[in-house]
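Participant: Line order of the protein sequences matches chains Z and V.
Mapped onto the working numbering, the consecutive letters of the first sequence carry residue numbers 1 to 312.
Mapped onto the working numbering, the consecutive letters of the second sequence carry residue numbers 313 to 451.
Hints are supplied without guarantee of correctness; some may be wrong.
[As the list claims (entries may be wrong)] Derived contacts from chain V toward chain Z, CB cut-off under 7 Å, selection only: (1) Pro324; (2) Asp329; (3) Pro366; (4) Asp369; (5) Asn370; (6) Ala374.
[To be verified] Pair by pair, the computed Cβ-Cβ distance ranges are: (7) Z/Asp191 / V/Arg333: 55 to 65 Å; (8) V/Asp329 / Z/Glu155: 42 to 52 Å; (9) Z/Asp118 / V/Arg333: 56 to 66 Å; (10) Z/Ser196 / V/Asp329: 37 to 47 Å; (11) Z/Pro198 / V/Tyr359: 40 to 50 Å; (12) Z/Pro75 / V/Gly402: 41 to 51 Å; (13) V/Asp325 / Z/Ser67: 29 to 39 Å.
[To be verified] Stretches of chain Z that chain V covers, calculated by requiring three or more beta carbons in the stretch to come under 8 Å of a beta carbon on chain V: (14) 33 to 42; (15) 66 to 78; (16) 175 to 187.
Please keep in mind that the hints were generated in silico from the structure rather than gathered at the bench.
Glycine residues also receive a C-beta, built at the ideal position from the N, C-alpha and C atoms.
Residues per chain are reported as follows:
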Amino acid sequence: MADATMTLSADTASGASGAVDLRAQYVESGVKEVLDELDRELIGLKPVKQRIRETAALLLVERARRSLGLAHETPTLHMSFSGNPGTGKTTVALRMANLLHRLGYIRKGHLVSVTRDDLVGQYIGHTAPKTKEILKKAMGGVLFIDEAYYLHRQENERDYGQEAIEILLQVMENQRDDLVVILAGYGDRMDKFFESNPGFRSRIAHHIDFPDYSSDELLRIAETMLTRQNYNFDEPGRTIMADYIEHRRRQPHFANARSIRNALDRARLRHANRLFEASNGPTDSTALSTITAEDIRGSRVFARSTGKEKVP
Amino acid sequence: MRITQGAFSFLPDLTDDQITRQVQYCIDNGWAVSLEFTDDPHPRNTYWDMWAHPMFDNPDAAALMMELRECRKVYGDRYIRLVAFDNSHGWESVKLSFLVNRPAEEPGFHLARQEGEGRVVRYTTSAYATDRPAGQRYG
Chain Z
1 MADATMTLSA DTASGASGAV DLRAQYVESG VKEVLDELDR ELIGLKPVKQ RIRETAALLL
61 VERARRSLGL AHETPTLHMS FSGNPGTGKT TVALRMANLL HRLGYIRKGH LVSVTRDDLV
121 GQYIGHTAPK TKEILKKAMG GVLFIDEAYY LHRQENERDY GQEAIEILLQ VMENQRDDLV
181 VILAGYGDRM DKFFESNPGF RSRIAHHIDF PDYSSDELLR IAETMLTRQN YNFDEPGRTI
241 MADYIEHRRR QPHFANARSI RNALDRARLR HANRLFEASN GPTDSTALST ITAEDIRGSR
301 VFARSTGKEK VP
Chain V
313 MRITQGAFSF LPDLTDDQIT RQVQYCIDNG WAVSLEFTDD PHPRNTYWDM WAHPMFDNPD
373 AAALMMELRE CRKVYGDRYI RLVAFDNSHG WESVKLSFLV NRPAEEPGFH LARQEGEGRV
433 VRYTTSAYAT DRPAGQRYG
């Protein structure tokens, strides 16, 4: 680092300060803040955080190089997030938009989240204006395409999705300064999508895999979600929630944190019902905000799993 | 003859970079920006053809610049102007408008004098370009 600074200052004879304090820039640009927030507020996702940290470092260095006239091209920032449902892809995309904005790679830092329906039209000539409309809305920010593989329908050659893909690729290539595209979806289907659209693979620099949460992490997520809504578990409630997670993840259509959120919503429903039916006289705030074992045990997840054990 | 219509028209033509910054100013003020084009430059010709839709919800000027590039590809031989419309109550009108493209050659206007009763003379102007049918003016 010291050597590099020396040679740099020798090269830039124009009088501009030839050294960059990366550490200071890291703090000043607010990148540190975003990364710390990411660490604090998102549970688990170790490899993702690691990748984001690395990407941030790369971009910071790139920016420093640019300020010294060593780099001119905007680096390719398009990304792909692959992982199972409910693993935090959208949340991380939002943080990523913020991060890129702080680093000055995008001008506005907003996130436009779309799916196939928003890009692809219903009839001939409908797709191009629709896709362009979305692209224009996303300019200066990040375009997040959820379940991107639906854009490509292998079984139908004349599907309008292909048209949307072509426009996307063109803008991704020609207007790299104006917007960043993040594609997201389940891992295996994304791989297949990239195989049939090599244009995308080559234009995307960062592939980030989102792992499933462990049961332990899911329990912590459940607790954070409740705290945010001013609820909490009592001790038996907590134990049975852990039990619930174990059961739920073995069932089909398990969507990680999203399943947890739905389960909590239903638990709150049962909680409200229980209070309402048992109420005679005043109810205190502890009762109003404590989710007990009873509220969670009412879930059909338990009903089904005991039933299944009887059948075979 | 160089047409002077709208803002900045006595300045040298704005570069794309300058246009971008003007557009960003408009957007930051909450005005809807759009593009209009014509091949009839008469000052009383207020209603130009609109290119695509007005852009109400694009936070960044790059979106308009993309449309401008497209528009120049198709109508690069005509006048194109940017229109910034303020839809806030009480205004509901254009706040800023300036030319962003002009034909390579601008033949200018013909001044016709009509002699009326007595010694009255009526004046009218018409663009040389409009002698030809729409779509075939300017090369």
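Participant: None of the hints should be skipped; say for each whether it holds.
Facilitator: Hint check:
no.: 1; hint: Pro324; verdict: violated, 25 Å
no.: 2; hint: Asp329; verdict: violated, 12 Å
no.: 3; hint: Pro366; verdict: violated, 12 Å
no.: 4; hint: Asp369; verdict: holds, 6 Å
no.: 5; hint: Asn370; verdict: holds, 5 Å
no.: 6; hint: Ala374; verdict: holds, 4 Å
no.: 7; hint: Z/Asp191 / V/Arg333: 55 to 65 Å; verdict: violated, 43 Å
no.: 8; hint: V/Asp329 / Z/Glu155: 42 to 52 Å; verdict: holds, 46 Å
no.: 9; hint: Z/Asp118 / V/Arg333: 56 to 66 Å; verdict: violated, 30 Å
no.: 10; hint: Z/Ser196 / V/Asp329: 37 to 47 Å; verdict: holds, 39 Å
no.: 11; hint: Z/Pro198 / V/Tyr359: 40 to 50 Å; verdict: holds, 48 Å
no.: 12; hint: Z/Pro75 / V/Gly402: 41 to 51 Å; verdict: holds, 46 Å
no.: 13; hint: V/Asp325 / Z/Ser67: 29 to 39 Å; verdict: holds, 31 Å
no.: 14; hint: 33 to 42; verdict: violated (count 0)
no.: 15; hint: 66 to 78; verdict: violated (count 0)
no.: 16; hint: 175 to 187; verdict: holds (count 4)
Checked against the numbered hints above, the structure breaks hints 1, 2, 3, 7, 9, 14, 15 and satisfies the rest.
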